[in-house]
Amino acid sequence: MATAAAHRTTAEAQAGEAERTAAYEAAFDAAVAADERIEPRDWMPDAYRASLVRQMAQHAHSEIIGMQPEANWITRAPSLRRKAILMAKVQDEAGHGLYLYSAAETLGTGREELLDKLHSGRQKYSSIFNYPTLTWADVGAIGWLVDGAAITNQVPLCRCSYGPYARAMVRICKEESFHQRQGYELLLHLSKGTPEQHAMAQDAVDRWWWPSLMMFGPPDDESAHSAQSMAWKIKRHSNDELRQRFVDIAVPQAEALGLTLPDPDLRWNEERGQYDFGAIDWDEFWNVLKGNGPCNEQRISQRRTAHEEGAWVREAASAYAAKHGKAAA
Amino acid sequence: MTNSDWPLWEVFVRSRRGLSHTHAGSLHAPDAEMALRNARDLYTRRSEGVSLWVVPSSAITASSPDEKDPFFEPAADKPYRHPTFYEIPEGVRHL
Amino acid sequence: MTAALAPAALALGDDALVLSHRLGEWAGHAPVLEEEVALANIALDLLGQARILLSLVGDEDELAYLREERAFRNLQLVEQPNGDFAQTIARQLYFSTYQGLLYGQLAAGDGELAPLAAKAVKEVAYHQDHAEHWTLRLGDGTAESHERMQRGCDTLWRFTGEMFQPVEGVDVDWQKLEAGWRESVGAVLERATLTVPEGPQSGAWSAGAGRQGLHTEPFGRMIAEMQHLHRSHPGATW
Numbered sequence: 001m002a003t004a005a006a007h008r009t010t011a012e013a014q015a016g017e018a019e020r021t022a023a024y025e026a027a028f029d030a031a032v033a034a035d036e037r038i039e040p041r042d043w044m045p046d047a048y049r050a051s052l053v054r055q056m057a058q059h060a061h062s063e064i065i066g067m068q069p070e071a072n073w074i075t076r077a078p079s080l081r082r083k084a085i086l087m088a089k090v091q092d093e094a095g096h097g098l099y100l101y102s103a104a105e106t107l108g109t110g111r112e113e114l115l116d117k118l119h120s121g122r123q124k125y126s127s128i129f130n131y132p133t134l135t136w137a138d139v140g141a142i143g144w145l146v147d148g149a150a151i152t153n154q155v156p157l158c159r160c161s162y163g164p165y166a167r168a169m170v171r172i173c174k175e176e177s178f179h180q181r182q183g184y185e186l187l188l189h190l191s192k193g194t195p196e197q198h199a200m201a202q203d204a205v206d207r208w209w210w211p212s213l214m215m216f217g218p219p220d221d222e223s224a225h226s227a228q229s230m231a232w233k234i235k236r237h238s239n240d241e242l243r244q245r246f247v248d249i250a251v252p253q254a255e256a257l258g259l260t261l262p263d264p265d266l267r268w269n270e271e272r273g274q275y276d277f278g279a280i281d282w283d284e285f286w287n288v289l290k291g292n293g294p295c296n297e298q299r300i301s302q303r304r305t306a307h308e309e310g311a312w313v314r315e316a317a318s319a320y321a322a323k324h325g326k327a328a329a
Numbered sequence: 001m002t003n004s005d006w007p008l009w010e011v012f013v014r015s016r017r018g019l020s021h022t023h024a025g026s027l028h029a030p031d032a033e034m035a036l037r038n039a040r041d042l043y044t045r046r047s048e049g050v051s052l053w054v055v056p057s058s059a060i061t062a063s064s065p066d067e068k069d070p071f072f073e074p075a076a077d078k079p080y081r082h083p084t085f086y087e088i089p090e091g092v093r094h095l
Numbered sequence: 001m002t003a004a005l006a007p008a009a010l011a012l013g014d015d016a017l018v019l020s021h022r023l024g025e026w027a028g029h030a031p032v033l034e035e036e037v038a039l040a041n042i043a044l045d046l047l048g049q050a051r052i053l054l055s056l057v058g059d060e061d062e063l064a065y066l067r068e069e070r071a072f073r074n075l076q077l078v079e080q081p082n083g084d085f086a087q088t089i090a091r092q093l094y095f096s097t098y099q100g101l102l103y104g105q106l107a108a109g110d111g112e113l114a115p116l117a118a119k120a121v122k123e124v125a126y127h128q129d130h131a132e133h134w135t136l137r138l139g140d141g142t143a144e145s146h147e148r149m150q151r152g153c154d155t156l157w158r159f160t161g162e163m164f165q166p167v168e169g170v171d172v173d174w175q176k177l178e179a180g181w182r183e184s185v186g187a188v189l190e191r192a193t194l195t196v197p198e199g200p201q202s203g204a205w206s207a208g209a210g211r212q213g214l215h216t217e218p219f220g221r222m223i224a225e226m227q228h229l230h231r232s233h234p235g236a237t238w
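Chains as they are written, first to last, in my numbering: chain A, 1 to 329; chain B, 1 to 95; chain C, 1 to 238.
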């Protein structure tokens, strides 16, 4: 056999390679079609891998940048109970970032590299976190609307075709459920509180409603990655479907809060069995995405500073491990 | 790896006594002691575990998916290893 | 609760409240993500302790949000600004070692604080362990980290004497506490290749000061931030 192999021409070898790739690809497609999970060492198309790394990284970045607007209120939380809740929530976000970086690392891209891309602006995070938290009620609005939108997005991801991502999402969704509830409860308390508190809650909802709807991404016909991601089951529902689902859930919740959603066109459509809602200002969306939101600069600069100022700490621990023979191979 | 870049560790959690440790995820730490502490904070802060293992990711040797056939198929044709292989007359209990 | 216990609960509760607040300031600024989670864990434990202790005295929020600076009874040590990560770790090492020994003695006794101390002692053991591990890594890491860690220990040294001033209603052997603290901290610093600071452990101004309601300037700004929202809405609930 060795002689035969040696005699094979390059063309034959290439043909064999192509055949093998085709077989792998068929196996991959079949697994996705059968709703099986793809695991880290399985063969996968390069574009699938790249798409996943991009999505998981962006998701991880969003968690850790998302700590900032809420951490902004930890030191001013108006009761000790609320302070404990908020600290635990911001801590969870760091934890969720870690789960997601860990999932991304299963595809061979290290966290350091991903952070580097975040810090240099080559990878994005959710634009929602480029809006400022101006009052205490914003903490509630973020919990109710922003986390609510995130959960609507994330629950289907628990069935994502990539195993490590799906498993991270299961853990995250389980932990997130308290996030949305605490936000809702916070707003409810304000809404039923003094007139000043009620006004604070309404103002926060006025400011966070539209950006929350933008969190689902551009309309389906303008979404660059949607179709392929759906085919690969990295994404399970379209942007517009999820957005509609969120609106339908949020409207009755707003009524129960005694707060108004800032959309004069919002009304029940008997025929569709869904709510109609007004046009989203996509110019604002693209503008914030491009870096012109109220806090883009501030968020990235805080993240970068924390990382740079922490370098000596990370170096010290590495040096200690090396000195004491404790470093992992 | 730069010297401020910590190595990766795999974390295994025993959720309660009587169960095996199960892979929970990974984290970065400069050494095993810190990895264990980070794992405690990250993977058991809602009392999800009673025992933890941390293993340097680089120390794990995994079977390759390409070897799937020779590795796992020989076991697949031995259904007699599973209790459902055997038919038991109806009414016989405790088997 | 007996009225005699109030000064003790207030002193220990304020320690936990104030240090928890300072640790909370790290959120979003920690040197590595894993440390975000660790520091928040410690802050949450301390906040939990503070809430229990303050509730023994009165309404936890009234006490936290409506007292003036001079009515707080915490140690000056815990109100010191975070500084760099080394200074935060030095503060935690000094305080957790103290708190561990203090609660250890209380838990072993039969006073009213014994059950609370028994729970806290487990949490504090972890805080102390965290601080010790980092003291070793920073002290015996790189030249820069060594220098920073030494500076952190030196800077805070003059606030440590106050810890051993007896607190009314806290029935422990203060001399034993101080000896135990010196031995424990000394051993960690030595292993970390650091020098035990030599200066005085208290200044003319600071002996027992925080416990008597005399604080340092940064504390006023800290509680201004902490209390601002609550005080802006008198009578409101949250």
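The hints are simulated quantities; they were obtained by calculation from the structure and are not laboratory data.
Each hint should be verified, as a subset may be incorrect.
[Unchecked claim] Listed below are the simulated SDA-like cross-link pairs for lysine to any residue, each with C-alpha atoms no more than 20 Å apart in a straight line:
id, chain 1, residue 1, chain 2, residue 2
1, A, K174, B, S47
2, A, K174, B, R16
3, C, K119, B, R40
4, A, K326, B, R46
5, A, K174, B, A32
6, A, K174, B, R40
7, C, K122, C, L177
8, A, K326, C, E178
9, A, K192, C, K122
10, A, K326, B, Y80
11, A, K323, C, R231
12, C, K122, B, R46
13, A, K117, C, D129
14, A, K323, B, W53
15, A, K117, A, G291
16, C, K122, B, D5
17, C, K122, B, E10
18, C, K119, A, K117
19, A, K326, B, S58
20, A, K323, C, V188
21, A, K326, C, T193
22, C, K119, B, S47
23, A, K192, C, W238
24, A, K326, B, R45
25, C, K122, C, R231
26, C, K119, B, A32
27, A, K192, A, K117
28, A, K323, B, P56
[Stated by the list, open to error] To be clear about the criterion: a stretch of chain A counts as covered by chain C if any three or more of its residues have a C-beta under 8 Å from a C-beta of chain C, and this derived list gives those stretches:
id, region
29, 57-68
30, 241-254
31, 274-285
[What the hints assert, rightly or not] Reference listing, derived: stretches of chain A covered by chain C, where coverage requires no fewer than 3 residues with Cβ under 8 Å from a Cβ of chain C:
id, region
32, 24-35
33, 288-294
What you are looking at is a predicted structure, and each value in this text was computed from that prediction instead of being measured.
Note that the Cβ used here is the ideal one computed from N, Cα and C, for glycine as well.
Results for each hint:
no.	hint	result
1	A:K174 - B:S47	holds (14 Å)
2	A:K174 - B:R16	holds (19 Å)
3	C:K119 - B:R40	holds (18 Å)
4	A:K326 - B:R46	violated (29 Å)
5	A:K174 - B:A32	violated (28 Å)
6	A:K174 - B:R40	holds (18 Å)
7	C:K122 - C:L177	holds (18 Å)
8	A:K326 - C:E178	violated (33 Å)
9	A:K192 - C:K122	violated (40 Å)
10	A:K326 - B:Y80	violated (47 Å)
11	A:K323 - C:R231	violated (52 Å)
12	C:K122 - B:R46	holds (16 Å)
13	A:K117 - C:D129	violated (34 Å)
14	A:K323 - B:W53	violated (23 Å)
15	A:K117 - A:G291	holds (15 Å)
16	C:K122 - B:D5	violated (32 Å)
17	C:K122 - B:E10	violated (27 Å)
18	C:K119 - A:K117	violated (44 Å)
19	A:K326 - B:S58	holds (14 Å)
20	A:K323 - C:V188	holds (17 Å)
21	A:K326 - C:T193	holds (18 Å)
22	C:K119 - B:S47	holds (16 Å)
23	A:K192 - C:W238	holds (10 Å)
24	A:K326 - B:R45	violated (25 Å)
25	C:K122 - C:R231	violated (35 Å)
26	C:K119 - B:A32	violated (28 Å)
27	A:K192 - A:K117	violated (44 Å)
28	A:K323 - B:P56	holds (18 Å)
29	57-68	holds (count 3)
30	241-254	violated (count 0)
31	274-285	violated (count 0)
32	24-35	violated (count 0)
33	288-294	violated (count 0)
Checked against the numbered hints given earlier, this structure breaks hints 4, 5, 8, 9, 10, 11, 13, 14, 16, 17, 18, 24, 25, 26, 27, 30, 31, 32 and 33; the rest are met.
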